[in-house]
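*Asks:* Sequence:
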Amino acid sequence: MKIGKAFGAYRKKLPHLFVYIDPWAVLIFLGGLSIVFFAATTVNPKKEHKLTLVAGNKTGESYIFSKALEKVVEEHHPEIKIDVKETGGTSKNIEMLEQGQAQLATAQADVPAGSSARIVSVLYQDAFQLVVRPKSNISQFVDLKGKRIGLPTTGGQYRSFLKIAEHYGLRAQDFQFIGENDQEADQAFRLNQVSAVFRVRALGNKSISELVQQYQGRLLPIAQVEAMTIKYPAFEPATIPIGAYKGNPPVPANNLATVVIPRTLLASEEVDNRIIHKITAILDEHRQELAKVLPTVYKPLVVSVSRPSTQGGTGVPIHLGALAFYEREQPSYVQENADFLALILTVALLIASGVRQLKVWIEQSKK
1069 MKIGKAFGAY
1079 RKKLPHLFVY
1089 IDPWAVLIFL
1099 GGLSIVFFAA
1109 TTVNPKKEHK
1119 LTLVAGNKTG
1129 ESYIFSKALE
1139 KVVEEHHPEI
1149 KIDVKETGGT
1159 SKNIEMLEQG
1169 QAQLATAQAD
1179 VPAGSSARIV
1189 SVLYQDAFQL
1199 VVRPKSNISQ
1209 FVDLKGKRIG
1219 LPTTGGQYRS
1229 FLKIAEHYGL
1239 RAQDFQFIGE
1249 NDQEADQAFR
1259 LNQVSAVFRV
1269 RALGNKSISE
1279 LVQQYQGRLL
1289 PIAQVEAMTI
1299 KYPAFEPATI
1309 PIGAYKGNPP
1319 VPANNLATVV
1329 IPRTLLASEE
1339 VDNRIIHKIT
1349 AILDEHRQEL
1359 AKVLPTVYKP
1369 LVVSVSRPST
1379 QGGTGVPIHL
1389 GALAFYEREQ
1399 PSYVQENADF
1409 LALILTVALL
1419 IASGVRQLKV
1429 WIEQSKK
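So the sequence shown is numbered by my numbering: it starts at 1069 and just counts up by one.
These aren't lab readings, by the way, just hints derived from the structure by calculation. All C-beta atoms, glycine included, are put in the ideal place defined by N, C-alpha and C. The reader is advised that the hints may include incorrect statements.
[What the hints assert, rightly or not] Calculated cross-link-like contacts (lysine-lysine; reagent style DSSO-like; alpha-carbon spacing at most 27 angstroms):
| no. | residue 1 | residue 2 |
| --- | --- | --- |
| 1 | K1346 | K1299 |
| 2 | K1160 | K1314 |
| 3 | K1149 | K1160 |
| 4 | K1274 | K1118 |
| 5 | K1299 | K1314 |
| 6 | K1135 | K1427 |
| 7 | K1139 | K1299 |
| 8 | K1203 | K1213 |
| 9 | K1160 | K1231 |
| 10 | K1118 | K1360 |
| 11 | K1346 | K1149 |
| 12 | K1367 | K1427 |
| 13 | K1149 | K1427 |
| 14 | K1427 | K1139 |
| 15 | K1367 | K1139 |
| 16 | K1299 | K1126 |
| 17 | K1274 | K1299 |
| 18 | K1346 | K1360 |
| 19 | K1153 | K1135 |
[Claimed, not checked] Label-pair restraints from in silico Cβ distances:
| no. | residue 1 | residue 2 | range |
| --- | --- | --- | --- |
| 20 | E1294 | Q1244 | 38 to 48 angstroms |
| 21 | P1317 | Y1236 | 27 to 37 angstroms |
| 22 | P1385 | A1295 | 25 to 35 angstroms |
| 23 | G1168 | P1318 | 22 to 32 angstroms |
| 24 | D1151 | D1211 | 35 to 45 angstroms |
| 25 | V1365 | P1318 | 27 to 37 angstroms |
| 26 | Y1236 | N1341 | 25 to 35 angstroms |
| 27 | R1355 | P1318 | 25 to 35 angstroms |
| 28 | P1146 | E1337 | 38 to 48 angstroms |
| 29 | P1146 | I1430 | 22 to 32 angstroms |
Please work from the sequences and hints to get the whole structure.
*Replies:* Structure representation (structure tokens):
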């Protein structure tokens, strides 16, 4: 009772205007102020988005391409920060993507992705390339049985090699693999410690060029690719053209049958659709800028950037942000900033309501 009387006495001392204040109006007013403060301090349509892109060995095409993508994306969208990291290859990339340690990853299309992976784009085509020593009696894949192979036993390349071996009735135990990474495997070839090196790389790959041109390595064909596609739909028949690595004398001396698979860019399904939409647009619409950033030998890679095929053998769904771009559902400014604009509209309505209530108070105070 004492508190009530004290408040009543205090209320009588207040200016006449405040005597008529509606408690609900006070709550609405304070709520509006809180939302305005929240919008000013936390809501920012241009807030920074940090993405980790895992991209394999630093000497590989996928890492070099990823660095170019990082640069061009950040030039056009400074709010998107991409950190390209070196890894052991496709298998590690997919593992890190699935564990949430990365948001973007490059990957061979024939290596199964995790449940949270979504495909963004095909970057370029990787070719299966088998290089053997110049004076060896190896003329076809099955001749590798019992031989030492320069190939790390981790990553997508190793899995691809075993798929080919399985087609010919061979197993991992039929070979001896040398090298913890590509560099060690290449060095073993130079030192005559292995009979062959296997790579899943774009045609014209720098390390393969060195083995062929400086160490007289011979490229071998991989036959029966059409039959392999029955079990491995990501495989595509292709040809290593005569003279691909040297024109005079031509290396290889003849067109060689081989396998190609797409090198893809994957993203976690949790990455904001708008961010993936922007990255996809860079890949599709800014190829000349990507080529300008890439070293000369890698510039041709941008020609192969393309939309993933829904009929292909990857089995990975297209990221919704990428799909929106490919279907040219270019978001308008209103769509892109819908949440922020909705908040502004809410604040505006609250302010309008407050102004209206204030007018009522003023009219009542004059009576």
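*Asks:* Broken hints, numbered, in rising order?
*Replies:* 1, 2, 4, 5, 6, 7, 12, 13, 14, 16, 17, 20, 23, 25, 26, 28, 29
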